Each structure stands twice: as C-alpha cells, then as structure tokens.
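Student: Construct all of the structure, not just a fragment, from the sequences and the given hints.
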Amino acid sequence: FDFGVMQTDPNFANYRWQSETGRLVLLDFGATRTVPAATADAYRRLIEAGLARDLPLVRDVAVETGFVGAAAAEAHRPAIDRMVAAIDAALNRPGLFDFGDRAFVPVIREEAKAMIADRETWHVPDVETLFVQRKVSGTALLAARLKAKVDVRGLAAAAMGGEAILPRQGEVAGAA
Numbered sequence: 175f176d177f178g179v180m181q182t183d184p185n186f187a188n189y190r191w192q193s194e195t196g197r198l199v200l201l202d203f204g205a206t207r208t209v210p211a212a213t214a215d216a217y218r219r220l221i222e223a224g225l226a227r228d229l230p231l232v233r234d235v236a237v238e239t240g241f242v243g244a245a246a247a248e249a250h251r252p253a254i255d256r257m258v259a260a261i262d263a264a265l266n267r268p269g270l271f272d273f274g275d276r277a278f279v280p281v282i283r284e285e286a287k288a289m290i291a292d293r294e295t296w297h298v299p300d301v302e303t304l305f306v307q308r309k310v311s312g313t314a315l316l317a318a319r320l321k322a323k324v325d326v327r328g329l330a331a332a333a334m335g336g337e338a339i340l341p342r343q344g345e346v347a348g349a350a
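Here the sequence shown stands for residues 175 to 350, where the numbers follow the numbering used here.
Bear in mind the hints are in silico, worked out from the structure with no lab data behind them.
Just so we're clear, the structure is a prediction, and the values are computed from it rather than from any experiment.
Each statement offered as a hint is correct.
Once the Cα atoms are required to be at most 16 angstroms apart in a straight line, the calculated EDC-like pairs of lysine to aspartate or glutamate come out as:
{"id": "1", "residue 1": "Lys321", "residue 2": "Asp275"}
{"id": "2", "residue 1": "Lys287", "residue 2": "Asp255"}
{"id": "3", "residue 1": "Lys309", "residue 2": "Asp183"}
{"id": "4", "residue 1": "Lys321", "residue 2": "Asp272"}
{"id": "5", "residue 1": "Lys323", "residue 2": "Asp272"}
{"id": "6", "residue 1": "Lys309", "residue 2": "Asp202"}
Pair by pair, the computed Cβ-Cβ distance ranges are:
{"id": "7", "residue 1": "Asp215", "residue 2": "His297", "range": "14 to 24 angstroms"}
{"id": "8", "residue 1": "Met334", "residue 2": "Arg267", "range": "16 to 26 angstroms"}
{"id": "9", "residue 1": "Glu194", "residue 2": "Pro280", "range": "37 to 47 angstroms"}
{"id": "10", "residue 1": "Arg256", "residue 2": "Ala332", "range": "20 to 30 angstroms"}
{"id": "11", "residue 1": "Arg293", "residue 2": "Asp202", "range": "30 to 40 angstroms"}
{"id": "12", "residue 1": "Asp300", "residue 2": "Ser193", "range": "31 to 41 angstroms"}
C-beta atoms are modelled at their ideal positions from N, C-alpha and C, and glycine is treated no differently.
Tutor: Now the structure itself:
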C-alpha cells in the first residue's frame, strides 16, 4: 500500500530471519511487481470492510472489484455469505490468529463445492489481482505450515493507517 510494489513469490527461500532485529527480511526481489493503484485500492476497500466487520459490504466489494464474479454472487449468495462469515469468525476470535488452526477451512471447502461445480458462473479475476492473491494465499499457506500466530487484524489496521475499527469481543478499544 505504501510503495505500490509487491514481491509475489511466497517461497520460503526468499526470506531470512534476522534474530538480532526480530524481523523477517526479503532477500529476492526477482518476483517484484508493480501493483496498479486500482488493484491496491480494491484490496484496501476489502480490508476496510473486513475490519469494520461489515460482511455484506465485504461481499459487495468482492464483486465490485472482480474478486468474485457477479453471476456467482447472484447464484450463490448464501454460500458466499457463509464463507465470508466463517472467515470473519476465525479472524475475530480473541487473541492472535492461529494459522495452524484450520477449523474454518472445511466450512469454506464445503460451501465452495456448488460454486466450483457451477461452470456457468465461473469467473477469473484480472491478472494483477491474481498476482496479489497468489502472494496472499501463499503467505497464508506458509504461515499455516509454520503454525504462526499473528495479530492479522492489528496488521491490517496498521496497513490501513490506523487502529482496528471495532474491538474484538472481550477487548476494549485502545486498551494495551
């Protein structure tokens, strides 16, 4: 969001842990791509809707920006809503998001079956969105393999330029 550039290859070998700084450092800039402003804005809108926990808006932004095809959204709206709700519930449990806990994945898989089988509504997002999604998905798979526990909500809020819009259940906004 800051530089308009993303390294799109989530390969383990592209990173190195710096124990003295506690940072993960990118080593390989070979798969770096410019992210068009429209693509970055689409992801920003999706993240902001997610942070606000406005699930209908998450669905609507996903359609407007081409993440989900309009035909699929019309034909499979209840399934899409259940997938969005499952992801929202997983991301908003108290504490850090545990990438090793894949309990929500079977829900997504089950809800997606009918959409995948419905060839009439298949949709392929634009190539720029696919490159960003490759990075997001690959990073999530890497984090799952590492069983990482991450404050995804806090990182997303920081990337959007502020704190989380709504506190998680049991938390007080602004509390340390």
